[in-house]
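Asker: Sequence:
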Amino acid sequence: MLQVRNFLCVIFLMLLVSACDFSNNNLPKENKPGRTEDMETRKVGFYGKKIDENGAISGRELKDKLGSNTTMQAKIKGEIVEVAADDSDWLQVDMEDGTTMQINMKDHSFSIPKDITGRTVIAEGTVRKDSIPVVDLHDYAEEVGKTEEEVRTILELDPKLKFTAEGVIIK
Numbered sequence: 003m004l005q006v007r008n009f010l011c012v013i014f015l016m017l018l019v020s021a022c023d024f025s026n027n028n029l030p031k032e033n034k035p036g037r038t039e040d041m042e043t044r045k046v047g048f049y050g051k052k053i054d055e056n057g058a059i060s061g062r063e064l065k066d067k068l069g070s071n072t073t074m075q076a077k078i079k080g081e082i083v084e085v086a087a088d089d090s091d092w093l094q095v096d097m098e099d100g101t102t103m104q105i106n107m108k109d110h111s112f113s114i115p116k117d118i119t120g121r122t123v124i125a126e127g128t129v130r131k132d133s134i135p136v137v138d139l140h141d142y143a144e145e146v147g148k149t150e151e152e153v154r155t156i157l158e159l160d161p162k163l164k165f166t167a168e169g170v171i172i173k
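Final position of the sequence shown in this note's numbering is 173; the numbers increase by one with none missing.
No lab work stands behind these hints, which were simulated from the structure alone. Keep in mind the model is a prediction, meaning the values are calculated, not measured. Just so it is clear, CB atoms sit at the ideal spot from N, CA and C, and this is done for glycine as well. Be aware that a few hints might be false.
Stated by the list, open to error - Using 25 Å as the maximum straight-line C-alpha spacing, the simulated BS3-like pairs for lysine-lysine come out as follows:
#	residue 1	residue 2
1	K164	K108
2	K108	K51
3	K164	K77
4	K116	K173
5	K164	K51
6	K148	K162
7	K79	K162
8	K67	K108
9	K51	K131
10	K131	K164
11	K162	K67
12	K116	K79
13	K162	K116
14	K79	K51
15	K108	K162
16	K164	K52
17	K65	K108
18	K79	K65
19	K79	K131
20	K164	K148
21	K131	K108
22	K51	K116
23	K108	K52
24	K148	K116
25	K162	K131
26	K173	K52
27	K173	K79
28	K51	K67
29	K79	K108
30	K51	K77
31	K131	K77
32	K164	K67
Stated by the list, open to error - Here are the in silico distance ranges between beta carbons for each label pair:
#	residue 1	residue 2	range
33	S113	E63	24 to 32 Å
34	K52	L10	55 to 63 Å
35	E144	D117	12 to 20 Å
36	V136	K51	26 to 34 Å
Construct all of the structure, not just a fragment, from the sequences and the given hints.
Answerer: Laid out in structure tokens, this is it:
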């Protein structure tokens with residue numbers, strides 16, 4: 003009788019183990035390794051404070067609205083031309099006039115995906131006229147992978163618009 007019970011226990015355990023699915027086929031798509039299309043869709047979305055697209059203006063319109071003021075609240079929409087390679091806490095956006103504007107994430111409180119160049123960004127925050135110190139320009143150049151020789155050629159302050167974003171949407 004004891005042998006029959008042991009035999010039935012072994013059979014039961016074998017059935018139980020064989021019924022378990024140890025593959026990752028039942029994982030959600032975004033958790034499966036090597037799913038680049040899911041990584042692609044996760045780049046799209048909100049980062050930082052949740053904002054909407056309403057009232058977003060182009061880089062050219064931003065310059066016109068800013069005029070002689072040195073700072074203002076704004077919501078901008080533009081194409082991403084460069085992203086920080088290290089911390090992903092800043093990006094460069096095309097201003098539609100041959101220039102770019104740097105968008106920093108407020109207080110480094112959130113970061114964005116690194117490989118979003120060419121996508122559209124909507125950012126809400128504060129824009130100001132600023133001269134970026136040479137030391138910072140060197141840091142930015144290093145973060146995007148410029149060579150030491152290219153970094154050493156940066157010798158002057160760069161007067162630009164600088165945007166501090168509280169929230170962004172990547173499309």
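Asker: Take the hints in turn and mark each one as holding or not.
Answerer: Hints, verified against the model:
1. With a C-alpha separation of about 12 Å, the suggested pair K164 and K108 falls inside the 25 Å cut-off, and the hint holds.
2. Among the hinted pairs, K108 with K51 is consistent with the structure: their alpha-carbon atoms are about 10 Å apart, no more than 25 Å.
3. Of the supplied pair hints, the one linking K164 and K77 holds, its CA atoms being roughly 13 Å apart against a limit of 25 Å.
4. For the proposed pair K116 and K173, the alpha carbon gap of about 14 Å is at most 25 Å, so the pair holds.
5. Our distance criterion of 25 Å between C-alpha atoms is met by K164 and K51, whose separation comes to about 19 Å.
6. Restraint check: the Cα-Cα separation between K148 and K162 comes to about 20 Å, which is no more than 25 Å; the hinted pair holds.
7. With a C-alpha separation of about 17 Å, the suggested pair K79 and K162 falls inside the 25 Å cut-off, and the hint holds.
8. A distance of roughly 22 Å separates the Cα atoms of K67 and K108; the hinted pair therefore holds under the 25 Å criterion.
9. With a C-alpha separation of about 23 Å, the suggested pairing of K51 with K131 holds against the 25 Å cut-off.
10. For the hint linking K131 to K164, the alpha-carbon distance of about 6 Å falls within 25 Å, and the restraint holds.
11. The hinted pair formed by K162 and K67 meets the criterion: a straight-line CA distance of about 15 Å does not exceed 25 Å.
12. Taken as a hint, the K116 and K79 pair is honoured in the structure, with Cα atoms around 18 Å apart against an allowance of 25 Å.
13. Proximity of K162 to K116 is assessed by CA-CA distance (about 23 Å); at most 25 Å being required, the pair is judged to hold.
14. A distance of roughly 16 Å separates the Cα atoms of K79 and K51; the hinted pair therefore holds under the 25 Å criterion.
15. For the suggested pair K108 and K162, the alpha carbons sit about 18 Å apart, so the restraint of at most 25 Å is met.
16. A distance of roughly 21 Å separates the Cα atoms of K164 and K52; the hinted pair therefore holds under the 25 Å criterion.
17. Distance hint between K65 and K108 is fulfilled; the C-alpha atoms sit about 21 Å from each other, no more than 25 Å.
18. Restraint check for K79 and K65: the C-alpha separation of about 13 Å stays at or below 25 Å, so the hint holds.
19. Distance restraint check for K79 and K131: the Cα-Cα separation of roughly 18 Å lies within the 25 Å cut-off, and the hinted pair is therefore satisfied.
20. For a cut-off of 25 Å, the pair hint linking K164 to K148 stands: about 21 Å separates their Cα positions.
21. This hinted pair checks out: K131 and K108 have alpha carbons roughly 16 Å apart, not beyond 25 Å.
22. Among the hinted pairs, K51 with K116 is consistent with the structure: their alpha-carbon atoms are about 19 Å apart, no more than 25 Å.
23. Using a Cα cut-off of 25 Å, the hinted pair K108 and K52 holds, with the two alpha carbons roughly 13 Å apart.
24. Of the supplied pair hints, the one linking K148 and K116 holds, its CA atoms being roughly 16 Å apart against a limit of 25 Å.
25. Restraint check for K162 and K131: satisfied, since their Cα atoms lie roughly 6 Å apart, inside the 25 Å limit.
26. Proximity of K173 to K52 is assessed by CA-CA distance (about 14 Å); at most 25 Å being required, the pair is judged to hold.
27. This hinted pair checks out: K173 and K79 have alpha carbons roughly 10 Å apart, not beyond 25 Å.
28. At roughly 24 Å between alpha-carbon atoms, K51 and K67 fall within 25 Å of each other, so this suggested pair holds.
29. Taken as a hint, the K79 and K108 pair is honoured in the structure, with Cα atoms around 17 Å apart against an allowance of 25 Å.
30. Distance restraint check for K51 and K77: the Cα-Cα separation of roughly 13 Å lies within the 25 Å cut-off, and the hinted pair is therefore satisfied.
31. With a CA separation close to 16 Å, the supplied pair K131 and K77 stays within the 25 Å bound.
32. Using a Cα cut-off of 25 Å, the hinted pair K164 and K67 holds, with the two alpha carbons roughly 15 Å apart.
33. A beta carbon spacing of about 27 Å between S113 and E63 agrees with the range 24 to 32 Å that was offered as a hint.
34. As the Cβ distance of K52 to L10 is approximately 58 Å, the hint placing it in 55 to 63 Å holds.
35. Range check, E144 to D117: about 18 Å between beta-carbon atoms, so the 12 to 20 Å window is met.
36. For the pair V136 and K51, the supplied restraint of 26 to 34 Å holds, since their beta-carbon distance comes to about 32 Å.
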